[in-house]
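Starting from the known structure of chain A, fit chain B onto it as the hints suggest.
So the protein lines, in turn, are chains A and B. Residues in the first sequence are numbered consecutively from 17, following this note's numbering. Residues in the second sequence are numbered consecutively from -4, following this note's numbering.
The set of hints was computed from the structure by calculation and includes no laboratory data. All of these numbers come straight from a predicted model, not from anything done at the bench. It is possible that part of the hints are untrue.
Below 25 Å or equal to it, Euclidean Cα-Cα: the simulated DMTMM-like pairs (lysine to aspartate or glutamate) are [to be verified]: (1) A:242 with B:159; (2) B:162 with A:102; (3) B:162 with A:93; (4) A:242 with B:60; (5) B:162 with A:106; (6) B:242 with B:134; (7) B:162 with A:101; (8) B:162 with A:99.
What the simulated footprint calls covered on chain B by chain A, stretch by stretch (three residues with Cβ under 8 Å from a Cβ of chain A suffice, anywhere in the stretch; the number is not a length) [unchecked claim]: (9) 136 to 147; (10) 157 to 171.
Taking CB as the label site, the calculated pair distances span [as the list claims (entries may be wrong)]: (11) A:37 with B:176: 24 to 32 Å; (12) A:48 with B:187: 51 to 59 Å; (13) A:242 with B:21: 42 to 50 Å; (14) A:48 with B:233: 46 to 54 Å; (15) B:241 with A:24: 41 to 49 Å; (16) B:8 with A:30: 49 to 57 Å; (17) A:49 with B:160: 35 to 43 Å.
C-beta: ideal position from N, C-alpha, C; glycine also.
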Amino acid sequence: MTVQKDASLTGAFFALVRRDLLLAFRRRSELLFPVFFLMVVVSLFPLGVGPSPELLARIAPGVVWIAALLSVVISLDSVFRSDFEDGTLEQYIVSGQPLSLIALAKSLAHWLVTGLPLVLVSPLLALWMNLPSHAIGALVASLLLATPILSFVGAIGVGLTISLRRGGQLLSLLVFPLYVPVLIIATGGIMAAIDGLPYTPFLGLLLAGLITSVTLAPFAIATALKISLS
Amino acid sequence: MNRKQDNKPRKNALILFFHKMGSPPWFYGLSGKLVPWLWAAFVVLAMCGLYLGLFRAPPDYLQGESFRIMYIHVPAAWMSMMIYGLMAVMGFIALVWRIRIAEILAMSSAPVGAAFTLAALISGALWGRPTWGAYWVWDARLTSELVLLFLYLGVLGLYNAFDEPRKAARAACLLALVGAVNLPIIHYSVQWWNTLHQGSSISVTGSSIHPSMLWPLLIMALATKFYYAANLLSRARLMLAQQDLRKGWIQKALVKPADNPLEGHSENE
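Chain A with its partners taken away, still in its complex shape (with noise of 0.2 Å):
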């Protein structure tokens, strides 16, 4: 019996990541939004404070950083917005799952969707930003390790916000002050890497908070969702 019941709850787990990626694949233009959004941003830096080498170098793991925030949250609205909008959230509801294994899966999918491309990406932006070569690594790994915090802090506010018409700039007032230590953990751990100083430290401070959002945030975008489509 509960054999069975665990079969259908990692079962419906995969069914909800390989339908979210399957849609985000059938919409492939989309799907590159997120890094254009990120590679202009950042391109704007050189452009807007001058181009020399040593002054991008210092600023560059706080640009690369600020520039995957904001991709990110331009893009958090996509977690559930369709859903809400035809009715399929509902459907998850009634659906006798628990709404935070869903929430899990969606935020989750929301990661392979926007965060990792983003991870792929950043050694790219950090040839742009002239980021030394022995820090890419840190860049890399901290994009890695944090970016899947950002979706699942972030689908908390989605939840919240999803009934708002005009949520979207709410939403970024809600999850940036909640942001502000995977910012400052995440460049510390790259100047570190920058110095020559060991970076694990910072990595290890990372997986801490990633393990934290994994763990406890699928309950409070479930309640978020519960009181939104009261």
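Only chain B this time, still in chain A's reference frame:
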């Protein structure tokens, strides 16, 4: 109501108090009696504290007269954090037990807390000018307060974005709770960030304060707590009355006993 209590005579007094607090008429009546006393306590304490702090305390040997901003700045900063914690606790109660009074209290706390945060930031900036030579320094405590203000604004913004007040309150309560989980992480990461970047910050408060400077601060800290309680209950009463305007009990409570309450229903507009 009396009959219900008689059925369970062995009920714990504390639990009974909480159950009574969940009842809007009872809360409205009790808070109405408390509010004038709380305001009075605030006025008396604030006058004592400000007099002692602004006129009687000796000037600081290092900062001169400007240290007196402390008597506004420090209590406001303490209150801004305490109110966020209380708001999250009440938000938790509201979400778990669905007590409407807890929702109303949490949402009445948010503007007071935001105001204290703003007061702490502005007084901190004014204090920073003579002490650090700049209005704004990215000092760890000021930065934490700024993030706290953003968290408050998020809660207020979310609450005001919904049309339905109860849904709005529950959504904002959840956000307050998420923020409260994050707040210690934000606080320590900002502190750590500040040491990493080696700001030009000077530690303002020395390890020991002379009693003549400390007492006014403690009195002001107590006064701001009474201000919070008085403001909170006044706001909560207003919010409750607005939400329940069409219900019988509030119409009875608002109409003076001299008027006939039964007549008052139709012509109360």
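Tested hints:
1. Distance check on the hinted pair: residue 242 (chain A) and residue 159 (chain B) sit about 15 Å apart at the alpha-carbon level, within 25 Å; holds.
2. Of the supplied pair hints, the one linking residue 162 (chain B) and residue 102 (chain A) holds, its CA atoms being roughly 22 Å apart against a limit of 25 Å.
3. Among the hinted pairs, residue 162 (chain B) with residue 93 (chain A) is consistent with the structure: their alpha-carbon atoms are about 20 Å apart, no more than 25 Å.
4. A C-alpha spacing of about 54 Å is found between residue 242 (chain A) and residue 60 (chain B), which places the hinted pair above 25 Å, so the restraint is violated.
5. Of the supplied pair hints, the one linking residue 162 (chain B) and residue 106 (chain A) holds, its CA atoms being roughly 17 Å apart against a limit of 25 Å.
6. The hinted pair formed by residue 242 (chain B) and residue 134 (chain B) fails the criterion: a straight-line CA distance of about 50 Å is larger than 25 Å.
7. A distance of roughly 19 Å separates the Cα atoms of residue 162 (chain B) and residue 101 (chain A); the hinted pair therefore holds under the 25 Å criterion.
8. Our distance criterion of 25 Å between C-alpha atoms is met by residue 162 (chain B) and residue 99 (chain A), whose separation comes to about 20 Å.
9. With 3 residues carrying a beta carbon less than 8 Å from a beta carbon of chain A, the segment 136 to 147 of chain B meets the three-residue requirement, and the given coverage holds.
10. With 6 residues bearing a CB less than 8 Å from a CB of chain A, the segment 157 to 171 of chain B meets the requirement of three and the coverage assertion stands.
11. Checked against the hint of 24 to 32 Å, the C-beta distance between residue 37 (chain A) and residue 176 (chain B) comes to roughly 30 Å, which is consistent with it.
12. A C-beta distance of roughly 36 Å is found between residue 48 (chain A) and residue 187 (chain B), which places it outside the suggested range of 51 to 59 Å.
13. With their beta carbons about 29 Å apart, residue 242 (chain A) and residue 21 (chain B) fall outside the hinted range of 42 to 50 Å.
14. Taking the beta carbon of each, residue 48 (chain A) and residue 233 (chain B) are about 51 Å apart, inside 46 to 54 Å as hinted.
15. For the pair residue 241 (chain B) and residue 24 (chain A), the supplied restraint of 41 to 49 Å holds, since their beta-carbon distance comes to about 47 Å.
16. Here the CB-CB span from residue 8 (chain B) to residue 30 (chain A) is close to 53 Å, well matched to the stated 49 to 57 Å.
17. At about 37 Å, the CB distance of residue 49 (chain A) to residue 160 (chain B) agrees with the hint of 35 to 43 Å.
The earlier numbered hints that this structure contradicts are 4, 6, 12, 13.
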